[in-house]
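Asker: Order-wise, the sequence lines are chains W, U and H. My numbering puts the first sequence at residues 53 to 367. My numbering puts the second sequence at residues -13 to 452. My numbering puts the third sequence at residues 922 to 1137.
Everything labelled a hint here was simulated from the structure, so no lab data went into it. For glycine and all other residues, C-beta sits at the position ideal for the given N, C-alpha and C. Be aware that a few hints might be false.
Said to hold, decoys possible - Output of the computed footprint for chain U on chain H, the stretches with three or more beta carbons under 8 Å from beta carbons of chain U:
hint, stretch
1, 981 to 994
2, 1005 to 1013
3, 1026 to 1036
4, 1064 to 1078
Said to hold, decoys possible - Non-contacting residues of chain W with respect to chain H, defined by C-beta distances greater than 10 Å in every case (computed):
hint, residue
5, K98
6, Y118
7, A183
8, V211
9, A277
10, I339
11, A344
12, L360
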Amino acid sequence: TEWNVSVWGKRRAFTEHVEKLAELVSEKTGGEFTMNISYGGLSKNKENLDGISIGAFEMAQFCAGYHRDKNPTITVLELPFLGVANLEEEVAVSHAVYAHPAVQKDLARWNAKLLMTSPMPQYNIVGTGEARDELGEFKDMRVRATGGIGKAFSAVGAVPTSVTATEAYNAMESGVVDTVAFAQHAHLSFGTINKADWWTENLNPGTVNCPVVVNTDAYEALSDAEREALDSSVDEAIAHYLANYGALLEKWDSVLAEKGVEKVTISEDQLAEFRKVAADPIREQWIADMSAQGLPAQELYDLVQKTLSDQRSGS
Amino acid sequence: MEPIEIGLWVSGLLLATVLLGMRVAFAAGLAGLVGLVWIFWAKFGYDPERFTKALTIAVKTAGQVPHSKVSSQALSLIPTFILIGYLAYYAGLTKALFEAAKRWLAWVPGGLAVSTVFATAGFAAVSGASVATSAVFARIAIPEMLKIGYDKRFAAGVVAAGGTLASLIPPSAILVIYAIIVEQDVGKLLLAGFIPGAFSAVVYGLLIIGMAMTIKGFGPAVTGFTWRERLVSLPPALPILFVVATIILFVYNPFGGDAWGTPTEGGAIGAFVVFLMALYRGMRWAELKDALLETAKLSVMIFTIIWGVLIYVRFLGFAELPAAFSDWITSLTLSPMLILICILLAYAVLGMFMDAIGMLLLTLPVVYPAVMALNGGEYVSAAESTFGMSGPMCAIWFGILVVKMAEFCLITPPIGLNCFVVAGVRDDLTVQDVFKGVTPFFIADGITIALLVAFPSIVLWLPSLA
Amino acid sequence: MAGSAAVLKDGSLISRWDRQLLRLERVMALISGLAVFSLMVLAVVSVGGRNAFNAPLPGYVDWIEQVMPLIAFMGISFVQRDGSHIRMDLVISSLRGRALWLFELISVLLILALMLALLWGSWSHFLRSFDFAAPLWSRDSSIDIGLPIWPAKLLAPVAFAVLCLRLLLQVWGYGRALILGLARPAAVPLVQSAAEQAAAEAEHLGGVSTSASDRD
Ligand code: NA
Ligand code: NA
């Protein structure tokens, strides 16, 4: 069996688990089951779910925030200030949510089966000029942040500004935005770190959730051995991803030092204030909207919180 | 059959239908669709019962492309650039520019022809399309040159060649298209066009001066303009400077401060300035409607080619043809510079028969990755690269080179659209006359291209600042 | 290139249909032109709002992405009507009479086949983004401010449907010319050599520039 896999951009920390998965699957099946990973050749990233639904390719990666209406249930994982502290917790909550029947039904509309997540760290912001470490200073700040994180910033008076990821560096340079919210690897690859004077280390406003899915029919058409090889490789692929990203995060501090970027710590009471103003109303709004569509919103949110506390008591 | 073989067959089909006169956009779309059906059916082992399934997947895959590919912020520069050009007519900018160029520059040997070249270069700063620029100046500049005794063929040649400057000097629709296909920074590419465009104009100017000084009976210099006359000619041409400054400042602030915004915004604000100017000059709804309709027509022609070709490119993605071609190119034992020159020569040949936009759209998806691989890959650093420039810089350099080649093709026989247009405007000129008159400019363009290849910093200096 | 070939009009049925369809096509093209104009307005509002009031247009990028399909698709049939879509007419311009109509007919039939397929494909692309049961009927939304995308996706099949009508008319027109051996059939763009086309284009641009220079 040969699968086509649609991802985008270039090979990077964000795609390492897919690369690893392909390697493991091929190894385990003695080359019987191979994956052909295409970086942008098969589809645009926002249309990867469409491609899966059509059956144009068998596996794909996408981010829930690209198109909230395509995958409303997963957006629970993109709510601001969920309280996820590290990548291991991000994996745990994502996979718990992916296993929920309502989520699987949501993705089944696209003929898609959730395979694994691509855990992303919190979207802390980099900024130019004076470091902003108090809520008052977020007022009128032009920030490149989309979706729930953007909403959170606007709740404290900041101005979320529409800029594509590739234009983020230009936008910072030109003063179109003062700050940019990204995961660390994106601050590195889109160059926003080079423009930055400071970076918030503990704002932790939230992150995006980017699952890897497979086409259901293709999955069912696999031989038992092939399916077994695929399923059994997920944990190993994720472990590889975490190790790889961990190394990148270790490098992060030295990058900050090298570029003279100040690490800004925000005080606990400022954070509490931010959560009160931004997190609670946005979450309540989300739960109300999703419940109106007949989705078990409260249940999904509780599942996230329960998984987090289980994860912490377990470790 | 291997996907790559399917890719080659389908590319052959595309070439045949284009040569036989099918509209390029639809020929590309059809080739892409046929290719996708073939690829998916091959995947099903040509099982007759699963042909419908393969067809369905292919049609649905192709059916995503039009909406998916045209809803892009960067592509919005194309219609705005086209609109700027149309509005510029109504703003009376063409005549004002020619008048100013004449009063300031016509005193040199071959002065009126030199003035024409620099007026077209100035107009290039509000016009994104070469052919339109030639058409306009054929009306304004040729009669004046004939009046003082220029050879009519040469006068026509000057206008045809001058028009090609419009696609290098921003705004340029074709540079935006290049940037989109190869996924590079539009702003930097537009900046990169400035100096090579101005450089081409200077080479044209020097060539004319040289000819004027050596050929007997060449058009005389025009002298006698007072400084007062010169100064009053400037204000009507000022909006051009304003548009140029706006576009530059939105991409890069030369004074060291922040740029004013993004290129997309810069293009639209530039159009707005010309729009106000045109209103001030008396444009009314009827003329605006004409300008909008013409803009819509030219835009939809370009966008149809874009999505048509991108259906073909989507198929190429499944066929893995671009990767195979770049593997082949890099495996050649020839020197990389020689390969690059061969690629440029191939464009010169292809351009004899094809429209510039169609040519770039059809070839770049395969050629561009190969050139990047030749340089050492898309993310290579300058130090480790073949041509001594980083991946993104190589993309910009190659972009300017192919656009210059495409422009060169607008004045070469047998299909040289700029020459056709000039001949079309003037009843007293045949197409052969214009081709004859434009011949000296082949030399100028040859020199320009050789210098751009030999000294990439002419292209890369400005974008490397931004 | 913008050279528009001549389309003859007469009292025949096909010519009447041609003019009916042309009215629709012209309106659609004008909508596309107005959409270009709106890009300019969006930028002025966004840049002005950002610099004057620190209030950039929310979802500027999302709005542009919604407007683009209007510009890209709405005029497609208008341009096909007068044969302006770019092509290489080196071969075709050397043909005359029935041979020419045969080539044109085959070419138009192939385009019709492609466009019928894309009508299906783009319609299914639209359907995947549309859900009667969902708020705003939306099953696909934009990244920043969550605009429903189905209206923009619907534009492709709508414009393609009109183009298919135009192509049917041209199949009829060329087919009629082929069978009856007409020299100058109505309702189809008459082929011009590249040079003639350029002349027509120059005529057009010249007209524009003349009217502009009138005011100089
Ligand atoms: Na230009
Ligand atoms: Na040519």
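Asker: All hints are to be evaluated individually against the structure, with a verdict given for each.
Answerer: Okay, the hints, checked on the actual structure:
1. By the rule of at least three residues with a Cβ nearer than 8 Å to a Cβ of chain U, the coverage given for the stretch 981 to 994 of chain H holds, with 10 such residues.
2. Residues of the stretch 1005 to 1013 of chain H with a Cβ under 8 Å from some Cβ of chain U number 9, which satisfies the need for three, so the listed coverage holds.
3. Taking a C-beta to C-beta cut-off of 8 Å, the stretch 1026 to 1036 of chain H contributes 6 residues in contact with chain U, enough for the three needed, and the coverage statement holds.
4. Check on the stretch 1064 to 1078 of chain H: 4 of its residues sit with their Cβ under 8 Å from a Cβ of chain U, so the three-residue criterion for coverage holds.
5. Residue-level check failed: K98 of chain W sits 7 Å from the nearest beta carbon of chain H, not beyond 10 Å.
6. Not every Cβ of chain H is farther than 10 Å from the Cβ of Y118 of chain W; the closest lies at roughly 5 Å, contradicting the non-interface assignment.
7. Every CB of chain H is more than 10 Å from the CB of A183 of chain W (nearest about 20 Å), matching its label as outside the interface.
8. Listed as a non-interface residue, V211 of chain W fails to keep its Cβ farther than 10 Å from every Cβ of chain H; the least gap is roughly 6 Å.
9. Taking the minimum C-beta to C-beta distance to chain H, about 33 Å, the non-interface status of A277 of chain W holds against the 10 Å cut.
10. Residue placement check: I339 of chain W keeps its beta carbon more than 10 Å from all beta carbons of chain H (closest about 15 Å).
11. For A344 of chain W, the non-interface assignment is contradicted: its Cβ lies about 8 Å from the closest Cβ of chain H, within the 10 Å cut-off.
12. Every CB of chain H is more than 10 Å from the CB of L360 of chain W (nearest about 27 Å), matching its label as outside the interface.
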